[in-house]
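Line by line, the protein sequences give chains G and S. Every letter in the first sequence is one number past the one before it in our numbering, and letter 56, counting from 1, is 56. Every letter in the second sequence is one number past the one before it in our numbering, and letter 199, counting from 1, is 199.
Check the hints yourself; a few may be wrong.
Where chains are identical, the list cannot tell them apart; a pair therefore holds if satisfied intra-copy or between any two copies.
Unchecked claim - DMTMM-like cross-link-like pairs, simulated, lysine to aspartate or glutamate; straight-line CA separation at most 25 Å:
| id | residue 1 | residue 2 |
| --- | --- | --- |
| 1 | Lys144 | Glu284 |
| 2 | Lys232 | Asp242 |
| 3 | Lys208 | Glu102 |
| 4 | Lys23 | Glu360 |
| 5 | Lys232 | Asp295 |
| 6 | Lys23 | Glu172 |
| 7 | Lys23 | Glu233 |
| 8 | Lys232 | Asp200 |
| 9 | Lys169 | Glu323 |
| 10 | Lys23 | Glu186 |
| 11 | Lys113 | Glu167 |
| 12 | Lys72 | Asp107 |
| 13 | Lys23 | Asp235 |
| 14 | Lys208 | Glu106 |
| 15 | Lys72 | Glu351 |
| 16 | Lys72 | Asp194 |
| 17 | Lys72 | Glu323 |
| 18 | Lys208 | Glu360 |
| 19 | Lys49 | Glu323 |
| 20 | Lys208 | Glu167 |
| 21 | Lys23 | Asp33 |
| 22 | Lys23 | Asp194 |
| 23 | Lys23 | Glu112 |
| 24 | Lys23 | Asp140 |
Hints in this document: simulated from the structure, not taken from any laboratory. A quick note: this is a predicted structure, and the numbers were derived from the prediction, not measured.
The residues making up each chain are set out below.
2 protein chains.
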Amino acid sequence: GSVDKAADFANYFCTYAFLYHQKEMLSDRVRMDAYYNAIFRNARHFQGKTVLDVGTGSGILAIWAAQAGAQKVYAVEATNMAGHARTVAVGNGVDHIVEVIEGSIEDINLPEKVDIIISEWMGYFLVRESMFDSVIHARDRWLKPNGMMYPSHARMWVAPMQTSLGEHKVQEYHNSMSDWSHFLHETSSQYGVDMSLLTDPYRQEQRKYFLQTSLWNNLYPNQIIGPPAVVKEFDCRTATLDEVSSVHSSFRIPLDSGHQSLCGFAGWFDVHFKGCPSDPADHEVELTTAPSLEDSTHWGQQVFLLHPPISYRDGDILNGTMEITRSTYNHRLMDVNFLHNLERPGSRPTEQVVSAFFIE
Amino acid sequence: GSVDKAADFANYFCTYAFLYHQKEMLSDRVRMDAYYNAIFRNARHFQGKTVLDVGTGSGILAIWAAQAGAQKVYAVEATNMAGHARTVAVGNGVDHIVEVIEGSIEDINLPEKVDIIISEWMGYFLVRESMFDSVIHARDRWLKPNGMMYPSHARMWVAPMQTSLGEHKVQEYHNSMSDWSHFLHETSSQYGVDMSLLTDPYRQEQRKYFLQTSLWNNLYPNQIIGPPAVVKEFDCRTATLDEVSSVHSSFRIPLDSGHQSLCGFAGWFDVHFKGCPSDPADHEVELTTAPSLEDSTHWGQQVFLLHPPISYRDGDILNGTMEITRSTYNHRLMDVNFLHNLERPGSRPTEQVVSAFFIE
Ligand SMILES: Nc1ncnc2c1ncn2[C@@H]1O[C@H](CSCC[C@H](N)C(=O)O)[C@@H](O)[C@H]1O
Ligand SMILES: Nc1ncnc2c1ncn2[C@@H]1O[C@H](CSCC[C@H](N)C(=O)O)[C@@H](O)[C@H]1O
């Protein structure tokens, strides 16, 4: 679908223009520790270097880069957070190094190319928001040939899971459809208009809302019932727009015994700070958003529920493909399709099932 | 502020594209009864006439107009609801009369001028959403010289009120600011960055959010502590864009005795279906969104809370002006300013207070 840029920006940037939202990200300890360690344990990479921070928000990464010894940091931010980032740079005595530029990275100009691009661009399940597009754009235009990306790598994971969330959603869906019947009756008896031809579209809308939209959740590790599979790995130095805008992948996961039902799929991501091949990091850092008791993040996991859950037997293997494409009506949202079945040792595999979801 | 049309449309129309939202409006009994009675008790106005429904949504008003005897109804709708309206017209056997046109009223063309414009354009406190602009636009372009508006009149009301909502909001605001202090401490001690220069902007953002944004509420009639005042009356046949885009008004309200504290202002509206001077309605109908035990609407009332509440004595008179202008960053939202004080019999009036609010 074609994108109207003004409409897209108005919608996308409005949350980031609130300090409240920036504060939420700045309070995510796992996220903060990862970037902090990545920068200060590899301060050597930053010393005397020129850095670009794509989407600086409150300015935090740019200021860290300056504190780690960068000679110059360009901190680009599309929203009016830019003014606040400038204030924070002054307050921390690095405004001679950090230059905040208000504008979208696609539109602004820099006086020079940079040695390092640093950015925190990851959305839910990595790809929601499509902000990596802007980082790729910045890289192709502003990174020196042997420049470095912080983070350098990103991976998307999927895993089978159990939960009781689905029952609740199904109940809400049924309630909504019985409200609808009541509504049809009232509208016809009180107001003389028959709306029953809208039942199918209404059902479709409500199914999408209650049953097919992925959910944000912080899962417990024991809700995962088989080894997670990497569905995609990006090398941030070489990834292309084509590569990030649609993902096709397959997985084959032996399900844990002792459980009986596959309730859905969980999706999450991790990113790595490894430097680059010619100058690897002294201390590699990982930021993972996998289910965790102690180290959960504001990203949580995305949950794709199966309705109904699929019962399985000990020894079954979950076989599937996952296809992630951009929503035609908003390129920052995603359509996700799973095609899956169970392989059973000693008998025929089950029928293939298509499960269609939306990341909203 | 200048408005980017694509961005505005993308933001504004997205809720109306859901049947769920149309159903909420169609389930508002007070709203439905008013339009139903206005049309069928004055069916004479519609018989043999040409009608334009501005923003037909599910098509309900257009279908009623056809059922009441209109010869032709143009039903214009900007969202994909247009397709559903067409389906409902077919299902009710009036598709030879109701012609659904998908597009914004500002952009589409009709083959002729019309005798009646009908529309349900009212937002919270009447003016939120600014959809009346589109109705004025349609009227000036498509209504015959002696044509009729349904509704024909609209009024905005304001009244002094009591509530305990304010204490809760103040508490939330204080909690938010003490979170902020904690956050400043962590960010500086754990991550070496001082964000304290952002305290003022953060406070301002949180004040706006918790204390200055008007609230949706369904008030009990006994929460109103003085006679409501009309702040504005529109004649829909003659109202101009200038007149609707900023409202200045004054009020003088004797406060009920027996209470002690003025907690804020409540705002609501009513509209009337009176036909037109040359052909008045046989049965005038009123749709009011005033506080009510039995006849509450989905519009509820807008509540503007004073922090802290103002104590008053028996005999005090609330004196004030109210100014409603459009938000500079979104013309569909409003800035509201009250300037008010108390007149006391036998002593000097209290100091004037400015209270600034946002309708978001
Ligand atoms: N194309 C673009 N150009 C400039 N800024 C962008 C952008 N796309 C997203 N952003 C900004 O990027 C930020 C991402 S959130 C991360 C903020 C900050 N770097 C931190 O780590 O805390 C948001 O503030 C958003 O407004
Ligand atoms: N400028 C414009 N052009 C066309 N439709 C518009 C419009 N502004 C608002 N609308 C539509 O007007 C409707 C208002 S809600 C009222 C719907 C319907 N008439 C009913 O009474 O139930 C929405 O469906 C909205 O999408």
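Status of the hints after comparison with the structure:
no.: 1; hint: Lys144 <-> Glu284; in the structure: within (22 Å within a copy, 74 Å between copies)
no.: 2; hint: Lys232 <-> Asp242; in the structure: within (13 Å within a copy, 56 Å between copies)
no.: 3; hint: Lys208 <-> Glu102; in the structure: between (38 Å within a copy, 24 Å between copies)
no.: 4; hint: Lys23 <-> Glu360; in the structure: both (23 Å within a copy, 22 Å between copies)
no.: 5; hint: Lys232 <-> Asp295; in the structure: within (23 Å within a copy, 56 Å between copies)
no.: 6; hint: Lys23 <-> Glu172; in the structure: between (33 Å within a copy, 17 Å between copies)
no.: 7; hint: Lys23 <-> Glu233; in the structure: neither (29 Å within a copy, 44 Å between copies)
no.: 8; hint: Lys232 <-> Asp200; in the structure: neither (36 Å within a copy, 43 Å between copies)
no.: 9; hint: Lys169 <-> Glu323; in the structure: within (24 Å within a copy, 45 Å between copies)
no.: 10; hint: Lys23 <-> Glu186; in the structure: between (47 Å within a copy, 12 Å between copies)
no.: 11; hint: Lys113 <-> Glu167; in the structure: neither (54 Å within a copy, 54 Å between copies)
no.: 12; hint: Lys72 <-> Asp107; in the structure: within (20 Å within a copy, 50 Å between copies)
no.: 13; hint: Lys23 <-> Asp235; in the structure: neither (29 Å within a copy, 47 Å between copies)
no.: 14; hint: Lys208 <-> Glu106; in the structure: neither (34 Å within a copy, 32 Å between copies)
no.: 15; hint: Lys72 <-> Glu351; in the structure: neither (59 Å within a copy, 54 Å between copies)
no.: 16; hint: Lys72 <-> Asp194; in the structure: between (67 Å within a copy, 20 Å between copies)
no.: 17; hint: Lys72 <-> Glu323; in the structure: neither (41 Å within a copy, 48 Å between copies)
no.: 18; hint: Lys208 <-> Glu360; in the structure: within (10 Å within a copy, 28 Å between copies)
no.: 19; hint: Lys49 <-> Glu323; in the structure: neither (39 Å within a copy, 54 Å between copies)
no.: 20; hint: Lys208 <-> Glu167; in the structure: within (16 Å within a copy, 39 Å between copies)
no.: 21; hint: Lys23 <-> Asp33; in the structure: within (15 Å within a copy, 47 Å between copies)
no.: 22; hint: Lys23 <-> Asp194; in the structure: between (50 Å within a copy, 13 Å between copies)
no.: 23; hint: Lys23 <-> Glu112; in the structure: neither (31 Å within a copy, 56 Å between copies)
no.: 24; hint: Lys23 <-> Asp140; in the structure: neither (30 Å within a copy, 48 Å between copies)
The structure does not agree with the numbered hints 7, 8, 11, 13, 14, 15, 17, 19, 23, 24 stated previously, though it agrees with the rest.
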